[in-house]
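Visitor: Here the protein sequences line up with chains E and U, keeping their order.
The first sequence begins at 2 in the working numbering and counts up one residue at a time.
The second sequence begins at 9 in the working numbering and counts up one residue at a time.
These are computed hints drawn from the structure, not numbers from a lab.
Check the hints yourself; a few may be wrong.
Partner residues are not named here, just some residues of chain E that face chain U (Cβ under 10 angstroms, in silico) [as the list claims (entries may be wrong)]:
id : residue
1  : C128
2  : L227
3  : L287
4  : F305
5  : I306
6  : A310
7  : Q314
8  : L333
9  : P335
10 : P346
11 : Q347
12 : H350
13 : K382
14 : I383
15 : S384
16 : P385
Calculated cross-link-like contacts (lysine-lysine; reagent style DSBU-like; alpha-carbon spacing at most 35 angstroms) [stated by the list, open to error]:
id : chain 1 : residue 1 : chain 2 : residue 2
17 : U       : K55       : E       : K111
18 : E       : K378      : U       : K91
19 : U       : K141      : E       : K375
20 : E       : K281      : E       : K6
21 : E       : K127      : U       : K33
22 : U       : K33       : U       : K105
23 : E       : K47       : E       : K124
24 : U       : K163      : E       : K115
25 : E       : K141      : E       : K171
26 : U       : K91       : E       : K286
27 : E       : K138      : E       : K210
28 : U       : K105      : E       : K281
29 : E       : K137      : E       : K92
30 : E       : K142      : E       : K286
31 : U       : K91       : E       : K280
32 : U       : K105      : E       : K277
Please read all numbers here as calculations on a predicted model, not as lab measurements.
Cβ coordinates follow ideal geometry from the N, Cα and C atoms, glycine included.
One-letter residues, chain by chain:
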Amino acid sequence: MSKNKIYLDYASTTPIDPKVMKIMLPYLSEKFGNTMSLHSFGQEAKLALDESREKVANLIGAKNAEIVFTGSATESNNLALKGVVLANKNKGRHIIISSIEHPCIVESAKWLEKQGFEIDKLKVDKCGLVDQKEVKKLIKKDTILVSVMHANNEIGTIEPIKEIGEICKKRGIFFHTDAAQTLGKIPIDVNKMNIDLLTASSHKMYGPKGVGFLFIREGIRVEPILHGGGQEFGLRSSTVNVADIVGFAKACEICQKSMKKEERRLIKLRDKLVFKILKKVEFSKLNGHPKKRLPNNINFSFSFIEGEALVIQLDLLGIAASTGSACSSAKLEPSHVLLAIGLRPQEAHGSLRLSLGRWTTEKEIDKVFKVLVKAIKRLRKISPFKKI
Amino acid sequence: MRKTGPYTKKVIEYFRNPKNFGKIKNPDGIGKVGNAVCGDTMWLYIKVGKDKEGEEIIKDIKFETFGCVAALATSSVITDLAKGKTLRAAMKIDRNKIVKSLGGLPPIKIHCSVLAASALSEAIYDYLRKMKKEIPKELQMKHQRTEKEKKEIEKRYKDWIKVEKGMHKKLP
């Protein structure tokens, strides 16, 4: 990364940890074998795949055979929803998701709706939390799957998935959670947390892009989406992407070792910036839950200004951030997450997400605060709504 | 040339150094377009004077805009294009002229240039109406179109706008 630039968009993607990159390189050159081959090249690759599977399974308390490597979190979410529903349609036709899921869950659910399945969405409160009582209320006799994300990608709210999982477990309903934003950041134990299926992504945790996994509890039937050579227990045919998987596993290992310390460090930095903004910037509002939130997530709404302009302004000043503003989206609609927590469209337009990561320093946080104040002041000066 | 977001160098230049932003005290005409609820809002103020031939010109022009980079850049560039022009010439500034002056806009942002053009038309319309002067037919039609769009937006965002209005009243 450029030295004079500050990257605060780790929730979007992260750079690869140098240790991860190092371990991957041989698998892009001399250890290039196909895991399905019988010769030594193939067996070397197969061994690397098995070892990686074990490391990844270890991070979430799963068995090796419960991990299916995929190409992305999007693919894992598609496989979880479509795969489980299609394989279990004789049990029921009703699915429940939350109203703040990532588009790949929302769109997969929409597709299933077109195939004749019934979808219900769980509302969230103004902090973005799903209400467990509503889960119980929405469950019907023919509900087969509930999917609630572990933590939201925009506002960082951490959902009570252990409790939701328990409700599902008692009723014999499969429970899936999208953990793309949480794996490696906060502890996950699929058994203690009553999770049947879990989605994860490598590039959000300092691993390479193009690889993810889906945890599928032993005994759950899933219909594959990709048919072919039968790799990944027949659930995801494709020649195995060994280098990226090896990298992903290394990234998991690093996170597992450093998680506790890193969590504390990020929360300290996060809260420092949040309190400073709340104290010094008029008409600012923290979106998401004040406590039950990702250690690295900050999401604010600044009245009277628009998020895209703010992001570009910050970019020109050397800071990379993101927004849920309509003007920045392809559809010109404000973020469905911000609307779901009851923000007025104008507040959603003025939203800014700052996400911290492994290389964020206190010095950077202090600088970001100064630059942010300047940027907001400037844009408010041009805005017709408020003069500061 | 490194791009910033989806924008040209010119757009970013206007965004970085906006020309003529702010309010005009006792303006001769105001054009208010857009709606903060659904996105961009532009307020354009004009002061009308006369040139040597005695024809009415835009002596001064300023803007205040809530919106994205494209909205701010189009507001800024239209003030540049209109300043010093006769009212007749200013009325003819359309979105194509604005887009061209900015070296292009991403397709999804073209509506910002439409908004800027409407803001200027509305400001001139406001002036002519207040002075009880004859309003050219083309300008009347533009005004009707803007009004119609305003109503459509209000209908679509009825509930939100009510909340917004309440909020603005509370502000100092």
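Visitor: Going through the numbered hints above, which ones does this structure break? Give me the numbers in ascending order.
Guide: 1, 2, 3, 17, 19, 21, 23, 26, 27, 28, 30, 31, 32
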